[in-house]
Amino acid sequence: MVAPISRWPARLDVIQGVTGLLLVLFMWAHMGFVSSILLGKDAMYFVARMFEGEPIFGKPYPFLVSIVAAVVFILFAVHALLALRKFPSSFSQYRALSQHLGWFRHPDTLLWVLQVITGFALFFLASVHLYQMAFHPSDIGPYASSDRVWTGRMWPLYLVMLFAVELHGGIGFYRLLLKWGVFLGDNPKRNRRRLQKIKWGITIFFIVLGLTTLGAYMKIGIEHADRAGERYVPAAKLGGE
Amino acid sequence: MNLIPAREIATQETPRKLRITVLRHNPSEPDITPYLQTFEVEEGEGTTLFIALNEIREQQDASLQFDFVCRAGVCGSCAMIINGKPALACRTLTRDLPDHVQLAPLPGFELIGDLSVNTGKWMRHMAERVQTWLHRAEETISLDALEERQDPDLAEKIYELERCIECGCCVAACGTAQMRPDFVGAVGLLQLARFKLDPRDTREDADYYQVIGDESGVFGCMTLLGCEDVCPKELPLAQQIAYMRRQMALIK
Ligand code: HEM
Ligand code: SF4
Ligand code: SF4
Ligand code: FES
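Chains A and B, in that order, give the protein sequences. Just so you know, we're using our numbering here: the first sequence kicks off at 232 and counts up by one. Just so you know, we're using our numbering here: the second sequence kicks off at 258 and counts up by one.
Source of the hints: derived by calculation from the structure; they are not laboratory data. This structure is a prediction, so every number in the text was calculated from the model and none was measured. Honestly, I wouldn't trust all of these hints.
[Claimed, not checked] Covered stretches of chain A, going by a simulated chain B footprint (3 or more residues, C-beta under 8 angstroms):
1) 313-323
2) 334-340
3) 414-424
Backbone N, C-alpha and C fix where the C-beta goes; we use that ideal spot for every residue, glycine too.
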């Protein structure tokens, strides 16, 4: 036995993968919740109040949303910090990479480049969104969100972020499985092709769902523009009053 | 893939004219800037790039440098960039290529001249650094005792990984290796996986961690899989790298 050298490179690799995986799973679940608007304003209203704990505590506590946003932000920051290790970081590395890409047309290498670019974009895009969710947690609802998207002019950010997140997370998910050898089985080449198909399927599904959802918020936002700021009152409460 | 039966090619009337462009540079003549030179060769039945390049050297330009030893995909010396993909020239049939073929030396290795690179130097350095040879703890080997037996399935698995010919294609195709010259490359990780599998090697996980447990080792690999996609011996590189990564990550 030799004196062990630092175990940190191993831990960092695991932490990067775990934070990436949690973020991907969160993003997919998140898209599910956000798209509840497609089922109607009441459905989205219900989901929003659910995250504020209303079904459990009897009344909404928006700070619960702030906590979720803070946890995601921590995961995101740790992940991004670790991902920085993989960015080309000097002129000579950029030159080596661009020469490499210049002659080698290799799909998986290009996917990685796309991941680096979208990851870099997410630094900025996701920070804006997470800040907003952490500090304005009560502004989530069919009208509040739609007003933010349209009157608050957030839709261009969400549009770019949708593509960045889905591409980045989808590629990350695919690479993560290959990196740790999950899914390769006894026929790695065939299974890798299958995994690629699954990955693109998931990505396309979420991009289409995301575009439809964003469209729905924009439509409500446009219709509600002259009354922007007013909150939604669910049909059940209207009926009860 | 080529689906034309050999007989059909033989009856083709006019043989194809191949244009072969070579990136030429001789580091011992630093005054001459690197340039592209195009040669024309007539394609025969079953012409490989090995044959075509030899024809050029014999009949057109004796100064053209490239390496060959076995011409059968065993020695690993003829790897080069063929139309944007690292491959063995001796195993590349020209009929699988378009009319115009572009050749360049493998990047990431010391250039000897034209298409000849010093992969041996790189491989030796890597091998010494991560110790890709069998390590056995016991000092004396008894010549009288019977050899230990090995399970045939295991022997088969070890043999499969033993097929690496150190051609360097995986290093040339690896974005990580191109950006970080101290990265072991798929070839190094594969060879260590081979010894890890071998019960005659008495090294423990911690010993392997010592040589590849950082970002110049297995944690530097970003799973770009260029290596896996170009290895001329079709070795299961993605799988073996993932295996080493799991073993090294789970170490206490
Ligand atoms: C919601 C946001 C994000 C999600 C869902 C996500 C997901 C992932 C996943 C699953 C991986 C694969 C992990 C691995 O290979 O070990 C990954 C890798 C990566 N992420 Fe993210 N990520 C996010 C944000 C970011 C941000 C903000 C950056 C920018 C700094 C970033 C940069 C990267 C890079 C460069 C890699 C490749 C690392 C490597 O090659 O090992 N990611 N991401
Ligand atoms: S792993 Fe494959 S590509 Fe790499 S040196 Fe060995 S035979 Fe060549
Ligand atoms: S998987 Fe990618 S980064 Fe890892 S050794 Fe192969 S080509 Fe290099
Ligand atoms: S000449 Fe030996 S591998 Fe090509």
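Cross-check of the supplied hints:
no., hint, result
1, 313-323, "holds (count 3)"
2, 334-340, "holds (count 6)"
3, 414-424, "holds (count 3)"
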